[in-house]
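Between the sequences and the hints, there should be enough to build the whole structure, so can you do that?
4 protein chains.
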Amino acid sequence: MKEIVQTGLIGVTGYAGAELARLLLHHPRLKGKPPVFAGRVDAKDAARGGVPLGEIHPELVDSKGSGSLKQEPFSWELLKERGVEVLFLATPHEQSREWVPDALDRGIRVIDLSGAWRLNEASNRAVYAFEDDGTELAAATQDRAVYGMPELHRKQIAKALLVANPGCYATSVILPLKPLVAAGLVNLDHGIVADAKSGVSGAGKAPTAKTHFMYAADNLSAYGVFAHRHTGELLEQIGVTAGEIVFAPHLLPIPRGILSTIYVHFKEAQTRASVGALYKKFFAESPMVRLYENGLPQIQNSVRTCYADIGFHLDASGKRAVIVSCLDNLLKGASSQAVQNLNVMHGWPESEGLE
Amino acid sequence: MKEIVQTGLIGVTGYAGAELARLLLHHPRLKGKPPVFAGRVDAKDAARGGVPLGEIHPELVDSKGSGSLKQEPFSWELLKERGVEVLFLATPHEQSREWVPDALDRGIRVIDLSGAWRLNEASNRAVYAFEDDGTELAAATQDRAVYGMPELHRKQIAKALLVANPGCYATSVILPLKPLVAAGLVNLDHGIVADAKSGVSGAGKAPTAKTHFMYAADNLSAYGVFAHRHTGELLEQIGVTAGEIVFAPHLLPIPRGILSTIYVHFKEAQTRASVGALYKKFFAESPMVRLYENGLPQIQNSVRTCYADIGFHLDASGKRAVIVSCLDNLLKGASSQAVQNLNVMHGWPESEGLE
Amino acid sequence: MKEIVQTGLIGVTGYAGAELARLLLHHPRLKGKPPVFAGRVDAKDAARGGVPLGEIHPELVDSKGSGSLKQEPFSWELLKERGVEVLFLATPHEQSREWVPDALDRGIRVIDLSGAWRLNEASNRAVYAFEDDGTELAAATQDRAVYGMPELHRKQIAKALLVANPGCYATSVILPLKPLVAAGLVNLDHGIVADAKSGVSGAGKAPTAKTHFMYAADNLSAYGVFAHRHTGELLEQIGVTAGEIVFAPHLLPIPRGILSTIYVHFKEAQTRASVGALYKKFFAESPMVRLYENGLPQIQNSVRTCYADIGFHLDASGKRAVIVSCLDNLLKGASSQAVQNLNVMHGWPESEGLE
Amino acid sequence: MKEIVQTGLIGVTGYAGAELARLLLHHPRLKGKPPVFAGRVDAKDAARGGVPLGEIHPELVDSKGSGSLKQEPFSWELLKERGVEVLFLATPHEQSREWVPDALDRGIRVIDLSGAWRLNEASNRAVYAFEDDGTELAAATQDRAVYGMPELHRKQIAKALLVANPGCYATSVILPLKPLVAAGLVNLDHGIVADAKSGVSGAGKAPTAKTHFMYAADNLSAYGVFAHRHTGELLEQIGVTAGEIVFAPHLLPIPRGILSTIYVHFKEAQTRASVGALYKKFFAESPMVRLYENGLPQIQNSVRTCYADIGFHLDASGKRAVIVSCLDNLLKGASSQAVQNLNVMHGWPESEGLE
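Residue numbers (our numbering), protein chains in the order written: chain A, 370 to 724; chain B, 370 to 724; chain C, 370 to 724; chain D, 370 to 724.
Misleading hints may appear alongside valid ones.
One copy or two, either will do: identical chains are not told apart, so a pair holds if it fits within one copy or between any two.
Here are the simulated BS3-like cross-link-like pairs (lysine-lysine), alpha carbons at most 30 Å apart as the crow flies [unchecked claim]:
{"hint": "1", "residue 1": "402", "residue 2": "524"}
{"hint": "2", "residue 1": "649", "residue 2": "439"}
{"hint": "3", "residue 1": "650", "residue 2": "439"}
{"hint": "4", "residue 1": "579", "residue 2": "413"}
{"hint": "5", "residue 1": "579", "residue 2": "449"}
{"hint": "6", "residue 1": "688", "residue 2": "636"}
{"hint": "7", "residue 1": "547", "residue 2": "400"}
{"hint": "8", "residue 1": "547", "residue 2": "636"}
{"hint": "9", "residue 1": "547", "residue 2": "688"}
{"hint": "10", "residue 1": "449", "residue 2": "528"}
{"hint": "11", "residue 1": "636", "residue 2": "528"}
{"hint": "12", "residue 1": "524", "residue 2": "574"}
{"hint": "13", "residue 1": "400", "residue 2": "449"}
{"hint": "14", "residue 1": "688", "residue 2": "649"}
{"hint": "15", "residue 1": "439", "residue 2": "402"}
Just so you know, the hints here were simulated from the structure itself, not pulled from any lab data.
Pasting the structure below:
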């Protein structure tokens with residue numbers, strides 16, 4: 370077990386980057402070793418050594434001076450000089466495709482928050498249209514990637530050189546479904562429905578017609594039905610075919626949080642106790658999943674926490690269930706899951722720095 | 370065709386009541402004959418002839434003096450004196466159970482916005498626990514009731530003495546499903562899922578823990594799963610059994626609007642054209658339904674209109690569809706549907722006063 | 370009094386443009402003569418005769434086909450052909466500076482919603498940095514402009530060729546202050562404070578960092594303190610110097626509505642009655658101003674109406690007052706005030722089509 | 370300097386109580402000694418030893434079991450048994466009036482978050498109409514009270530037996546004004562204006578017409594103008610008379626946060642540098658105040674922090690300033706200020722546990 374590591378973070382400017390910075394700055398194992406923040410910096414800012422964190426995210430400023438840390442101009446030399454051992458990428462997936470092989474080549478372990486290395490099947494990757502797909506290097510890199518959901522792949526993550534941090538929607542759908550499907554309970558012929566709703570931060574920081582307040586506020590809209598990029602993660606991780614699940618995301622008029630309502634048919638009648646026990650067993654070693662014994666989770670109780678919350682209702686026959694999962698898309702759906710992976714990779718308690 | 374009628378409205382104080390008042394006050398056929406507003410009025414207000422509308426709903430005040438109309442103390446004599454021919458009830462269902470038989474007895478036609486008379490099957494009514502259920506009077510009254518969805522029951526509504534105006538959620542689920550189920554397209558063995566999301570006005574005007582801004586804002590929660598009162602309407606009107614549909618409502622952090630996302634399996638593969646044509650035919654005479662030729666409706670475009678909007682996506686196989694319907698819960702989900710019924714009852718154009 | 374006029378509207382794509390279109394389409398004097406919508410249209414759309422209104426603003430579609438009206442490629446010939454007599458400009462002010470002289474030259478009366486022609490003093494116009502300022506044409510055009518606030522300039526508007534429709538903030542501050550200052554009640558030495566708060570639609574439709582949902586939601590921020598463009602309108606119309614008033618706008622996390630809280634010292638002690646009487650007299654002929662006899666207006670009651678609402682409180686001494694005004698920035702703050710001007714220009718009732 | 374203390378908290382059920390619980394549970398000096406939570410508990414809950422914190426505030430549950438802590442039935446014996454040394458009261462002020470003398474009598478130091486003991490002048494207390502006002506006990510208790518704003522009264526708080534924690538609005542107005550008024554810069558003849566805006570949590574947890582989502586959302590309203598309870602705190606702490614300041618609070622459609630916009634006239638012209646230097650000096654020892662060197666704070670950057678943020682603009686003459694302060698009404702406006710006081714009372718770093 371390593372006592373302390375030097376981390377680096379590329380892409381602190383986005384929403385997930387800001388949350389990740391906050392978590393890393395307060396992580397008990399990283400005290401005294403703040404992450405190296407690096408990225409594209411224009412000439413003027415480069416001349417002053419980078420952009421102070423306090424100018425990028427005023428809300429990160431505390432009286433201990435964290436605001437004066439800087440996002441420095443990225444170079445591999447910089448990372449080497451500073452002794453970066455683990456690199457977080459909160460970058461667009463095109464950039465992650467390019468930089469990850471370089472990092473691995475230099476012996477830096479990577480936790481990539483983008484969608485670049487999450488998918489094993491070429492057919493599922495098609496929606497991304499990666500330019501380098503099919504090259505030898507890309508294939509070799511993909512082979513090294515472990516899907517970074519500790520609740521499913523804890524052991525592989527511990528040794529992984531490249532952790533592909535899951536998508537936010539994917540996390541909210543895989544966690545509640547995996548235990549049921551893996552146990553063979555679900556009647557896949559009848560199809561699973563995953564109706565997911567996400568706050569606006571999921572759409573990113575770029576101002577667009579859809580992130581304009583006038584579009585998002587007082588509204589709800591479905592999008593990406595039958596076509597969302599996270600679908601491939603559902604198929605590979607849950608172990609179902611495209612014909613066995615429908616995934617429909619919606620844009621909620623709130624800043625953050627995802628609630629997924631999931632509908633399944635069981636092969637055999639279940640009881641509250643039988644399903645509850647199954648979940649309990651599956652997540653016995655998973656501190657970042659909270660199971661509701663009664664009632665259903667709601668976004669408000671999950672937002673600004675690092676937990677995924679799961680609850681469910683059965684109908685009178687016990688043959689049908691509605692499962693609700695909630696999480697914060699920027700935390701358990703991105704940055705805190707990344708820190709969970711960091712913890713697992715170093716043998717630290719999985720919830721370290723996340724409560 | 371009647372040229373003009375005298376309406377009455379009991380229950381103007383609520384949200385749907387306010388919208389109904391606004392619609393009736395501006396209805397071209399009712400000009401010069403404002404509704405008689407009546408209800409429970411305390412002694413002090415009774416002494417001044419009732420409560421001015423402008424004190425109940427300041428937003429209803431216009432420069433023509435509508436704000437000085439009054440909610441007068443209710444009595445059957447008052448309605449008789451004023452010659453009320455059609456009475457709108459925007460009252461709790463217990464009150465509607467009590468008053469409707471009296472109104473019919475006096476020859477007043479009723480459009481009841483409550484859930485009192487919507488359900489034909491005793492088993493479906495059980496959730497309401499009506500005290501008078503099983504009595505001869507109640508049975509006779511129920512026999513006279515017509516479910517007030519013009520798109521389904523236009524002819525019966527035209528002659529009806531008692532119109533049971535549909536529930537808001539029910540409207541948003543029945544309209545998109547009825548055409549498909551009635552045509553025998555849907556594989557009911559696989560089950561239908563109706564994931565519905567409603568703004569807070571649907572929860573009523575009474576301040577409660579769940580309508581508190583701090584609970585509703587920045588939140589999303591599922592409730593009434595497998596148990597919501599509107600379920601019976603779905604079963605009776607769509608023509609499915611409880612085992613063939615799951616209905617899960619959610620509380621949205623917006624003032625008004627419902628979006629329902631509906632998942633069906635088809636028996637045979639369909640095309641965009643085949644489903645579109647079916648809808649077009651079914652709603653050919655229905656001016657208050659807007660069909661989307663492409664894309665999906667969203668709440669923002671339906672709110673503050675009297676329309677129900679319907680759009681859909683098929684998967685590549687043509688065997689599964691996601692249908693999205695949107696409407697304003699206080700208008701097409703309540704008051705404007707009531708006015709639609711008023712129009713149908715008098716042979717006026719169905720969209721009169723609703724655009 | 371003209372019975373009917375042909376209107377034109379350039380700039381229907383923005384928020385105010387949409388509201389103006391809605392008002393004009395339903396205006397009782399314009400029935401059967403929908404406005405000519407014109408603007409910059411790309412080649413592809415020009416080829417199909419313009420962009421259907423229903424594609425620009427789906428919420429404007431009604432069953433009478435208004436959605437199929439088109440925004441056509443602008444040309445003066447088009448306007449001439451269609452016989453446009455009054456032209457609304459909901460365009461950026463640079464464009465209004467350019468087009469207004471041309472329109473006047475062609476004998477078309479103009480109601481300009483931009484800030485192009487509102488300011489008589491060159492010093493107040495400086496913030497706009499108009500390229501043509503100082504030219505003879507610009508000076509002559511400015512001479513013809515009447516500030517389009519009917520409550521202040523009804524008679525001049527009636528005959529005006531060019532009406533400069535007021536700014537939204539300006540309307541909300543001038544209306545409550547003008548009567549008090551004009552009557553000589555206000556102690557200007559002590560200074561007036563106008564603390565104004567506006568919904569996000571005031572910031573326009575372009576997606577920017579400040580109109581991003583994540584910035585605007587759950588937030589409040591002051592901006593443009595001592596520097597907002599509407600300040601010049603306050604000075605010229607109220608009749609005070611820059612040193613006698615402070616104006617500080619704030620961005621509210623709501624779609625629409627402005628509330629201005631205004632603080633004044635009186636020279637002599639006033640009473641509720643004396644101030645109320647003054648307002649009543651000043652606005653005696655003004656149907657679009659609603660005076661609160663008790664209490665204060667709030668945004669919710671003014672939004673989606675065409676009224677400006679005014680209420681006030683005096684302190685115990687009668688020497689200080691807090692006045693609150695509310696209006697909808699897209700209606701009384703823009704489009705409905707423009708229609709009010711249209712009405713005044715044609716001798717129609719001022720509130721025609723606005724209730 | 371004490372190493373560790375046993376705290377108690379009465380009133381964990383409210384919004385400020387929840388935040389206070391969170392802060393105390395994570396406070397580094399209180400680890401291993403969670404607060405004793407006590408309050409009114411019904412018989413059924415008393416039988417099970419109280420109500421688990423996780424049932425009152427699900428969001429407080431973490432994997433370390435904080436959710437299983439209980440709110441126990443209050444009795445002085447309970448507090449004695451557990452050795453409570455410092456008691457936080459997040460109770461209605463009537464209750465604080467009653468309980469504080471008892472606590473002091475038992476040698477327990479009190480930090481009272483209510484308005485019970487904040488005001489020295491009987492005239493300022495009049496708005497509260499305390500039943501015991503004028504009694505000897507009340508007078509003696511008031512004499513012991515120190516106004517709990519460390520930035521103003523650090524030394525007295527250090528020794529205080531009773532700390533009267535400031536009001537949220539009061540904090541947001543006093544902090545930016547005190548330095549300027551104390552230095553004699555402000556022209557009080559011209560009057561100060563404090564236009565304050567608060568999120569809905571400030572109105573408390575009880576469901577009322579004003580905290581209903583439908584009232585608060587998409588709205589803004591002024592209230593308590595010339596009459597708000599916090600006015601007395603402004604007068605006593607800033608050192609001005611009622612005629613020298615106007616305070617007008619507004620209800621914002623957001624969950625939490627206060628922004629106060631403050632308008633002053635200076636006696637002599639100031640510069641950005643002179644005012645900045647004054648603030649810097651005044652708050653040199655105050656880690657929980659963040660001064661903006663440029664620009665103005667906004668709610669979003671202050672919410673969910675324990676800081677008060679202050680920024681300002683001068684006009685060209687240097688004679689007028691607009692000052693903006695922001696804070697989280699539940700933190701710096703209530704619970705974190707209470708913890709700040711706890712820190713000061715025990716000689717711990719003032720920002721301990723607040724970053």
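Taking the hints in turn, this is what the structure says about them:
1. 402 - 524: within (26 Å within a copy, 36 Å between copies)
2. 649 - 439: between (43 Å within a copy, 24 Å between copies)
3. 650 - 439: between (44 Å within a copy, 27 Å between copies)
4. 579 - 413: between (32 Å within a copy, 24 Å between copies)
5. 579 - 449: The answer is neither: 40 Å in one copy and 38 Å across copies each exceed 30 Å.
6. 688 - 636: both (7 Å within a copy, 22 Å between copies)
7. 547 - 400: neither (36 Å within a copy, 37 Å between copies)
8. 547 - 636: Result: close both inside a copy and across copies, 16 Å intra and 28 Å inter.
9. 547 - 688: both (18 Å within a copy, 25 Å between copies)
10. 449 - 528: The answer is within: 22 Å in one copy meets 30 Å, while 52 Å across copies does not.
11. 636 - 528: Close neither inside one copy (37 Å) nor across copies (48 Å); limit 30 Å.
12. 524 - 574: So residue 524 and residue 574 fail the 30 Å test inside a copy (34 Å) and across (45 Å) alike.
13. 400 - 449: within (20 Å within a copy, 39 Å between copies)
14. 688 - 649: Result: close within a single copy only, 20 Å intra versus 36 Å inter.
15. 439 - 402: Cα proximity of residue 439 and residue 402: one copy only (14 Å, versus 38 Å across).
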